[in-house]
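Visitor: As you go down the protein sequences, you meet chains H, S and L in turn.
Heads up: the first sequence at position 58 corresponds to 58 in the numbering used here, and the numbers run straight through without jumps.
Remember, the numbering used here sits 315 above the position in the second sequence when you count from 1.
Remember, the numbering used here sits 618 above the position in the third sequence when you count from 1.
In case anyone wonders, no lab produced these hints; they're calculated from the structure.
Please note: incorrect hints may appear among the correct ones.
[Claimed, not checked] Heads up, simulated EDC-like pairs for lysine to aspartate or glutamate below, C-alpha to C-alpha not over 20 Å straight-line:
| hint | chain 1 | residue 1 | chain 2 | residue 2 |
| --- | --- | --- | --- | --- |
| 1 | L | K813 | L | D833 |
| 2 | S | K609 | L | E672 |
| 3 | H | K286 | H | E275 |
| 4 | H | K286 | S | E534 |
| 5 | S | K609 | L | D676 |
| 6 | L | K689 | L | D676 |
| 7 | L | K689 | L | E672 |
| 8 | S | K501 | S | D404 |
| 9 | L | K689 | L | E625 |
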Amino acid sequence: MRMRLSTSQLRPALIVIAALAFPFLAEAAGGGYYVGVMTRVMIYALAATSLNLVLGYGGMISFGHAAFFGVGAYAVAILAQEGVTSAWAAWPIAVAAGAAFALVIGAISLRTRGLYFIMITLAFAQMLYYFFVSLRAYGGEDGINLAARSRLPWLDLRDETTFYLLVLALLAGCLYLLRRLAASRFGTVLRGIRENEARMTALGYPTYRYRLVCFTVAGAAAGLAGALIVNQHGFVSPSLLDWTQSGTLLIMLILGGVGWLYGGVAGAAAMLLLEEVLSHWTGYWKLGLGLVLLFVVLRAPGGVGSWFARGNTRG
Amino acid sequence: MLLLEQGLNGLQFGLMLFLLAAGLTLVFGVMDMVNLAHGSLYMIGAYLMATLAQATGSFWMALPLAMAATAAIGMALESGLLRRLYERDHLSQVLATFALILIANDLVRMIWGPQALLLDAPRALAGTIEIIPGAPYPAFRAFIIGVGVAVAVALYWMIVHTRIGALVRAGASNREMALALGVNVKRLFTLVFGLGAALCALAGAMLGPLLAVQIGMGESILIQAFVVVVIGGIGSIRGALVGALLVGMVDTIGRAFLPVLLRGFLPNNIADALGPTLAAMAVYILMAAVLYWKPTGLFPARG
Amino acid sequence: MADPLLEVRRLFKHFGGVVATDRLDLAVLEGRVHALIGPNGAGKTTLIAQICGEIAPDSGQILFAGRDITKLPGHARVALGLGRSFQITRIFRSLTVRDNIALAVQARSGSSMRFWRPVAAERALADDADAVLAELGMAASAGLAAGSLPHADQRRLEVALALACRPRLLLLDEPLAGMGAEDAQAMIGLIAQLKQRTTILMVEHDMNAVFRLADVISVLVGGAVIASGAPQAIRDDPEVRRAYLGEEETAAA
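The following block holds chain H by itself, in its conformation from the complex (with noise of 0.2 Å):
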């Protein structure tokens, strides 16, 4: 065994040791505020990541993973209203209900291919968006309430500390997830379809089934966001849904870098810290947030995450 450990070993540590203790500080210093907002930081960069996974990691460019997102709040916010406010029972329903519409979305959309699959997947996502707009039995075009956060057994989820812990645990666990399965036979497969799919159809390989299991993943993930997302703004609305919530997602990727698997975390977390920031300071912050994304995309392609992670192995 070694003694030393090497600074790639020490960073995650470092990283993990002040997230958890971040809320405790917060709290103590009077910024009771911040934990809130690093919690929602942890679930944008959840439904980043999942994100992540079906571009960074499959390949695919979907405009439409808002929708997964929007469906797990919803999922939730309606499971209350009916009177189901278990998160035992309400946030496996989100995510089977993400990944269920993942796997229908996914199955015509992935038929098609470039500009049609960007296209398509838009385009149903929209329809989910009208399909929640016109739903007034749950508040239709001005969203619905949760009335309270999902109850768990030990755990009290209204208090922010808890939640933020919960969350950040959750985030954890995917993040590792998605790098066991990166690294296994399936992320293989993904590898090698996003590189050369011809070549992996001729050796054998049923390419749109791997690529609509990893869809139909990615909706579940983002589904789990959803739930958290609805427990964390109380509320929900079809704007959550919007193309251009898809195009947010897009761009924190972008920002932290596609296909690293921190990528999701580190874009969610400069985009929202930023828009933080800015906002305070000028209400025109998405002119200047449209500069960066324009001058990522044009400087940079690997995203700024790639600036900082040059030594990092991608895969």
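Got chain H; can you put chains S and L on it based on the hints?
Guide: Frame of chain H; chains S and L shown alone:
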């Protein structure tokens, strides 16, 4: 009577979608480029139109000015920025043009403020006319239909009969061939882009008096224009026309009649809840169905 | 006489007004090297694409090992033993040569719907891959990124990928494409070596290679086979001479 009137509304909406989708499908097909900012050009066109109409006091004076100005903005955008994206992957194009939407929205808000603008229909077209005997129809809507048909015919003629059209067709079906023919591709692309932008402004001018001229107005209609392009087949003007009319009809007729239709065989309360939902989704269901059977749209321009 | 391993019956395919495959019949016997030659535009590429399942024929049948595979998707045909190499090199450029082959080995060794266990822990995949590479004399480059190999080695890897699928029939689409004389000799040597193990259907323009390797040659003109037989018979066939002479005249004009 009602059916006919709704049919005309569907036709009118479909033709306006065609104005947007035509530019979009050409950019898609000829340059192989996703341009999300197309909706922003529509918004800018409508804002310019509203401002110029107020400044000149005349809808008819403002129209060509707004179209020319929007075309100029589009061409400047193309030669200054978008040209650099043609050789990039679709993801870069999506993101860069998405960035343009964010920038355009905030710039418009800076210049014109957050309030919606008013654009009045020209006074001469304020009344109604009887296209169908006994059913008065707003003259301005009838005018929109006329403009849409005229543009469709003109575009068709251009694609089939002119040198530019031949180049566009060559570009849409085979870019290498166009390059090999020694076509000045750069100038062609800029022109196509300018044409698309001018059509955006025209659509903005036509729809401005009917809908609000406001920030974000381009975004929902952009998606519908995408649906049109996808249904019709990327790069095909004919496909864009057929797709636009299909989408316009399905959307308008669906909203007007689906709830009534469902009452025929469902309990009223269910029909009332389901009707609007289905109507709102009808266009997307249509698209999914088309792509399920024909993954490259109805009239694929590329083999 | 034994049943053919691959049999194409009355295959027909048109694109718009152009007939690419015109009621084509072809039979590839087990253990042979069968070469497909013909002028450009004769429909060789379209035929290969239909045999591999990339393009669906309008009518006709394709039988493999006695089984009708006409409607089978491409990947399922590979599982039955139809391996192929591409005319344009399609390798995984960012992976090492070993990982390229391991991916082929993985395809035929159990399900890949496994999400947990790291692939790196499966020694058997890497060992199998190394065995394939050793056989083809590529062991030295196993650890290199495939994209960094010289062109000739990339072509070799292209063939190796097809071979690692353990095909009963190996389809080689212009294996000598873009090769210099020396590399071509090495590739011809490799194919001659493969000949011992598997049936080969090969499209190739290099007549020298075709006449050295092939047991049977079929000549494709205008989407149909105009002649089929042993190399010497094909060489002497007047119709074949006319078809090729015709092409040379056009080329000269």
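Visitor: Each hint: holds or not?
Guide: Hints and how they fare:
{"no.": "1", "hint": "L:K813 with L:D833", "verdict": "holds, 10 Å"}
{"no.": "2", "hint": "S:K609 with L:E672", "verdict": "holds, 17 Å"}
{"no.": "3", "hint": "H:K286 with H:E275", "verdict": "holds, 8 Å"}
{"no.": "4", "hint": "H:K286 with S:E534", "verdict": "holds, 16 Å"}
{"no.": "5", "hint": "S:K609 with L:D676", "verdict": "holds, 17 Å"}
{"no.": "6", "hint": "L:K689 with L:D676", "verdict": "holds, 11 Å"}
{"no.": "7", "hint": "L:K689 with L:E672", "verdict": "holds, 11 Å"}
{"no.": "8", "hint": "S:K501 with S:D404", "verdict": "holds, 19 Å"}
{"no.": "9", "hint": "L:K689 with L:E625", "verdict": "holds, 14 Å"}
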